[in-house]
Structures are given as C-alpha cells and as structure tokens.
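Going line by line, the protein sequences match chains A and B. Take the first sequence: its position 293, counted from the start at 1, is 293 in the numbering used here, and no numbers get skipped. Take the second sequence: its position 132, counted from the start at 1, is 132 in the numbering used here, and no numbers get skipped.
Keep in mind the hints are simulated off the structure, nothing from the lab. Some hints here could point you the wrong way.
Unchecked claim - Quick list of simulated restraints, FRET-style, between CB atoms: (1) Met85(A) / Arg207(B): 51 to 57 Å; (2) Arg8(A) / Leu84(B): 38 to 44 Å; (3) Trp62(B) / Pro130(A): 41 to 47 Å.
As the list claims (entries may be wrong) - Which bits of chain B does chain A cover? Going by a derived footprint, with three or more residues having C-beta under 8 Å, they are: (4) 129 to 136; (5) 201 to 208; (6) 223 to 234; (7) 261 to 268.
Stated by the list, open to error - Residues of chain B clear of chain A, computed beta-carbon distances all greater than 10 Å: (8) Val54; (9) Leu58; (10) Ala59; (11) Ala60; (12) Trp62; (13) Ser77; (14) Asp143; (15) Val191; (16) Gly245; (17) Ala273; (18) Asn288.
Don't be surprised by glycine CBs; every beta carbon is placed ideally from N, CA and C.
Chain by chain, the residues run as shown.
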Amino acid sequence: MLKYAAGRIVLTVPVLFGVSLMSFAIIHLIPGDIVSVLAGPTVALDSEAAQNIRRALHLDQPLPMQYGRWLLGALQGDFGNSLVMGLPVGPQIASHLPVTLVLTALSLAFAIVVGLPAGVAAAAARGRWPDLSIRGVALLGLSTPPFFVGVAALLLLSLYLPSFKILAAVDLRHDPLGGLQALLLPAFVLSLASATTIMRYTRAAMLEVLTEPYMATARAKGAGRLRVLIRHGLRSALLPVVTAIGVTAAHLMAGAVVVEQVFGLPGVGQLMLNAIYHRDYTQVQATVLVITMLVVLINIVVDLSYYLLDPRIQQHG
Amino acid sequence: MADAHPTMIDATSPSGLQLNGPAAADEAVFAFRRLRLRVNLPLLIGGAMVLLSVVLALAAPWLSAHDPLEIADASLSPPSAQYLLGTDQLGRDVLTRILYAGRSSLAVACLSAALAFASGAMIGLIAGYATGLVDACLMRVLDILQAFPALLLAIALVAALGPNLPNLVLTMGLLFMPRFARVARASTLSVRERDYITAAIGLGVSRARTLYRHVLPNIAAPLIVEASLTVTLATLTEASLSFLGLGVQPPDPTWGGMIAESTAVMALAPWLALSPGFAIVFVVVGFNLMGDGLRDALDPRG
Chain A
1 MLKYAAGRIV LTVPVLFGVS LMSFAIIHLI PGDIVSVLAG PTVALDSEAA
51 QNIRRALHLD QPLPMQYGRW LLGALQGDFG NSLVMGLPVG PQIASHLPVT
101 LVLTALSLAF AIVVGLPAGV AAAAARGRWP DLSIRGVALL GLSTPPFFVG
151 VAALLLLSLY LPSFKILAAV DLRHDPLGGL QALLLPAFVL SLASATTIMR
201 YTRAAMLEVL TEPYMATARA KGAGRLRVLI RHGLRSALLP VVTAIGVTAA
251 HLMAGAVVVE QVFGLPGVGQ LMLNAIYHRD YTQVQATVLV ITMLVVLINI
301 VVDLSYYLLD PRIQQHG
Chain B
1 MADAHPTMID ATSPSGLQLN GPAAADEAVF AFRRLRLRVN LPLLIGGAMV
51 LLSVVLALAA PWLSAHDPLE IADASLSPPS AQYLLGTDQL GRDVLTRILY
101 AGRSSLAVAC LSAALAFASG AMIGLIAGYA TGLVDACLMR VLDILQAFPA
151 LLLAIALVAA LGPNLPNLVL TMGLLFMPRF ARVARASTLS VRERDYITAA
201 IGLGVSRART LYRHVLPNIA APLIVEASLT VTLATLTEAS LSFLGLGVQP
251 PDPTWGGMIA ESTAVMALAP WLALSPGFAI VFVVVGFNLM GDGLRDALDP
301 RG
C-alpha cells in the first residue's frame, strides 16, 4: 500500500510542476506590455502605480527567476499580493474556499444519490421504458449548461414560489445551518451533469456484471431480484463508479465557478471572476493553481481508494 | 524504420504501391458500406437537429426581417407576430439575436473541435507510432493539460488573451486536444502491429506516408466519434464563457451572453432567459445524439 501510494505521488510531481508553470504563464500571455495593461492605458509607465506592479511581479528579473520566486512563495502558501488591493491573495482564497468545497461536496452527494440508483434501474430494465426514460433525462442533463438550469430554477421559483429564499447570504462560519440551506439549490443545479456521468458509468458497469455467471447462480439459489442486483451486482460495479467520482470532481470544481456566479455565492469561483473583471491577475493565477491542485489531490485519493477496493491491483501492483 | 531497410523495394516504384493499393481500397469500401448499413435512429435524429441548427445559423441574414443590433421597437415587448420571441431590454429582436448568436457559437465550437482534432490526431499518431521517449514526453504534457479542470483553464486563458473569436478557438482547441491525442495514440498502438503496416514498412514506404495513408484511415472511426462529442463540450464551454462575459463581446449576440443579460429583468421578461437556453440545449442534444449514433454505427463490436 505504502509503496503504491508513494509511487502514485511521485508520478504526480511532474504534473504539479507543469501545472504551476502554466498557472504562472497565464499572466505572461496577456498581449502587449503587462504593466500598461494592468495599470490601465492612462497610467504613465514610470509612475508610482506602474512601479508597484513591476515590483509586485518582479518584472525586472529574468523569467526563470520570476517563476522560481513565485513557486517558492506558493509552496509556502504565499501567492503574492493582489494587484488591486495590495493584500496577499492566499488568505483571500482560504476564506472563499469553504463555500466552494461545501458546494462541491453537496453536489457530489446529490449526484451519487441520484445517479447510482438511476444507473442500476436503467441497467436492470435494459431496453425497456425505464431504461429509455432514464437515458432520455440523462441526455438532457448532459446537454444543459448548469448556469441555464440555475437561471431557469431562479425564474421558476420567483414566479411560483416567491416566498422561497433563493439568494440568501451564505456565511458558513457564523451560520452553518443557514449557509448549508442556501447551498442546497445551487448544489442540486451543479450536480445534474455529474449525476448523468455517474448514471452512465453505473449503467455500463452493471450491464457488464449482469452477464456474469455468478449472477445467474445467485438467482438460481433463490435470492430475490433486488437482492441479487444490489448485493451481487452493485458491489462489483462500484469500482468504475469510483472512477466516475474522480472524473466528475474536476467538472464540479470548474462548474462551481459558474454556478457561484449565478447564485451570487462567495466562493473561489466568484473570487476568481471578480479578479478577472478587475484585471487582478495574481489572484487569478493563484486561484487556478489552488483549484487544480485540489483536483489533482482528489484524483490521488480516488486512485488510492481504487487500490484499497480492488484486490486485483493489490496482487499485481 | 523504413530507412533501416535500404535494400527493400523502392517506395516510389509503381509496383510497390500497387501491391499495397487494392487492399487499402477494399478496406475503405468495406468500412464505408458498414457505415451505411448501420445508420441508426439517434444518428438520424441527431444529424437532422445539427443540420437544422447549422442551416438556421447560416441563413440568419435571409430568415430574419430584423438586424441583431437594430433597436427595433419598445424594449421588453412580449412575443408577438412581428417579434416572435419578443424584444430584449434594448428593444432588439430576440429571435434574430438567437439566430445570429448561433453563428458565433457554432463557429467557435466546430472550429475549436477541428483544431483539437487536427493537432490531437497528429500528436497521438506521432506518440503512438514513435513510442519510447517521444511518447513518454508527449503524454506527460497531455497529463499536465488534463490536470486542469477544462472550464477553469478556459476562463483564465481567455481572460488573459482577450475574449474574441480567434482566442476562443485557440484556447478551446488546446483544451480539447488531449482527448483526440489519447484516442489516436491508443488506436495507433494497436494498428502499428498489424500486418499491413509491417508490409508498408517492408516495401520502404516513408514514415510520414505510412502514418498518413495506412495508419490514419484505420484510426479515423474513434476520432470521428470523439469529434462529435467534443463539439458538445465545446458548445457548452462557449456558452459558459459567454455567460461569464468572456465570449464574443457585445454588442454581438451570444447565447450565454443573452441569458446573462436577461437575469437583470427576469421577472419582467421571462422569455428572454428561456429561448437562448433552449437553443443551447437543442444544439447540444443534437450533437450528443449524433455522437452516440456514430459510435454505434462505427463500433465494430456493437
């Protein structure tokens, strides 16, 4: 186990290095002179504001030095200072992260609760109307951008349920229960695409398992239909579903950026978009890096749980 | 490999090519027939939906009596005979704007998928055929690109480069490239062991020609399926970006942008948010059905 985990983590190091390099590069992709873009065209290049930007980004040093300095800081949790506010961007991200994490976790829970049974039901009724209708709904779920579901939900609620508190303030630290409540609808909206993915993975895995001889054996032994499906079928089909969770984690984190914007939630997505609108690129850089690191981390955890759940890997790996 | 056997038949000699020709042609005809035979319902419906969307978008200037930027009438007028889907807060015809928005959405989605297809297929071919160090290096680069949540990187890159059509295509092409590269690499790895490739190498066919004439046609099917599914992702990504204000810039209409603008006047004019949303869903369902249908039609195991 330890050997496997260590190997997996070592494999991640070059990826993380590349990720940091790309996040760093974002600021240098801005066309034209960075200082005049960031400070605005009216600011003279030798003015105080321009000097501040040069100093904040260490633009007087060669690129590799700038990158090294940024990376060393980032490793210690120092992502530089905001170009707009002048404050360090790390604590900003830390204070916005809980909302995004809770939103993502809630969505994942919704997606599993909806997607898993739907996948099992669809596989059990392959080709008949429950399967077809579940797949039809899934096609719609896969084809609708979450922000549109969010806007449509807001619209319907404001028309038919005006008393529903849709845009409640979210303050997880001082009012965790109220905050959680306010996150329910956004989490549901965000979960649709992931529920579809999990449904599809579950259905495919179940269809494969259903043809296994031990399923027929279990039926022949006299076990009930539902019991066979769940105890014998779902147990073996759970592995691909774990993979699906890893796949959807990245989608959820990125989707959260958009959904937070729809519902006005104070998460890292909103932080990043506000930074973009204010051309605060150190903030953008840091947010991209942190979210991507989290996704990479989640995928390591998924891989390791895969190892724990699948005896075949343990024998060969 | 080809240059390692200088004594083999000269690649440019006509006899060498003819030996190889009929087999490849037979295979192509066979694949084509099978494709025709396996036309299925999702493929037909999806194809029809996609075709309809493309025709509507292309024919927008002739279909609509209005201009997408023209301030036609009173703002927020409800749907009527003259303005089938009503007007927006500036008094512009919503139906016209939806049709014109389709032009940029479909252009961005298709062009970025095409860019991803071309670059990804090339990288995958090279990686799968070269194997070894080249393969390992290319795959690590793909790992890095795919470590980012796609939409997140798209937002950051478009914001830095500047939101306009070429930058959207470039960014999304880069983001979707690894999908094609992986598919192409996996197929190339299995195809390169086949006898007809060994034969081509034995005949002294150059490496580039082997890849182009003998490997590429045989890995095309999974790449085509991937392409139609990538267009759905690209359409959704473009919609999200334009919703966030990072798509093609106003006053030019985008579906995402129209939905974003509508949220301010949602209670007064609900039709503003719904119709562009349905346009997105229609196009994406069409491409999704087409992708599923193509997979069934082209999958030899199915």
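So, going through the hints one by one against the coordinates:
1. Met85(A) / Arg207(B): 51 to 57 Å: holds (56 Å)
2. Arg8(A) / Leu84(B): 38 to 44 Å: This hint is violated: roughly 57 Å between Cβ atoms.
3. Trp62(B) / Pro130(A): 41 to 47 Å: With Cβ atoms ~45 Å apart, the hint holds.
4. 129 to 136: Answer violated; 0 residues pass the 8 Å Cβ test.
5. 201 to 208: With 0 residues closer than 8 Å to chain A, the region 201 to 208 of chain B misses the three-residue bar; violated.
6. 223 to 234: violated (count 1)
7. 261 to 268: holds (count 4)
8. Val54: For Val54(B), whose nearest Cβ neighbour in chain A is about 17 Å away, the distance exceeds 10 Å, so it holds.
9. Leu58: With a cut-off of 10 Å, Leu58(B) remains clear of chain A, as the shortest Cβ separation is near 22 Å.
10. Ala59: Consistent with the label, Ala59(B) stays out of reach of chain A, its closest Cβ about 23 Å off (over 10 Å).
11. Ala60: holds (21 Å)
12. Trp62: Consistent with the label, Trp62(B) stays out of reach of chain A, its closest Cβ about 28 Å off (over 10 Å).
13. Ser77: holds (19 Å)
14. Asp143: The claim is violated: Asp143(B) sits with its nearest Cβ about 5 Å from chain A, within 10 Å.
15. Val191: Nearest chain A Cβ is 25 Å from Val191(B), so the label holds.
16. Gly245: violated (8 Å)
17. Ala273: At about 5 Å from chain A, Ala273(B) fails to clear the 10 Å cut-off, so the statement is violated.
18. Asn288: Violated, since 6 Å does not exceed 10 Å.
Checked against the numbered hints listed earlier, the structure breaks hints 2, 4, 5, 6, 14, 16, 17, 18; every other hint is satisfied.
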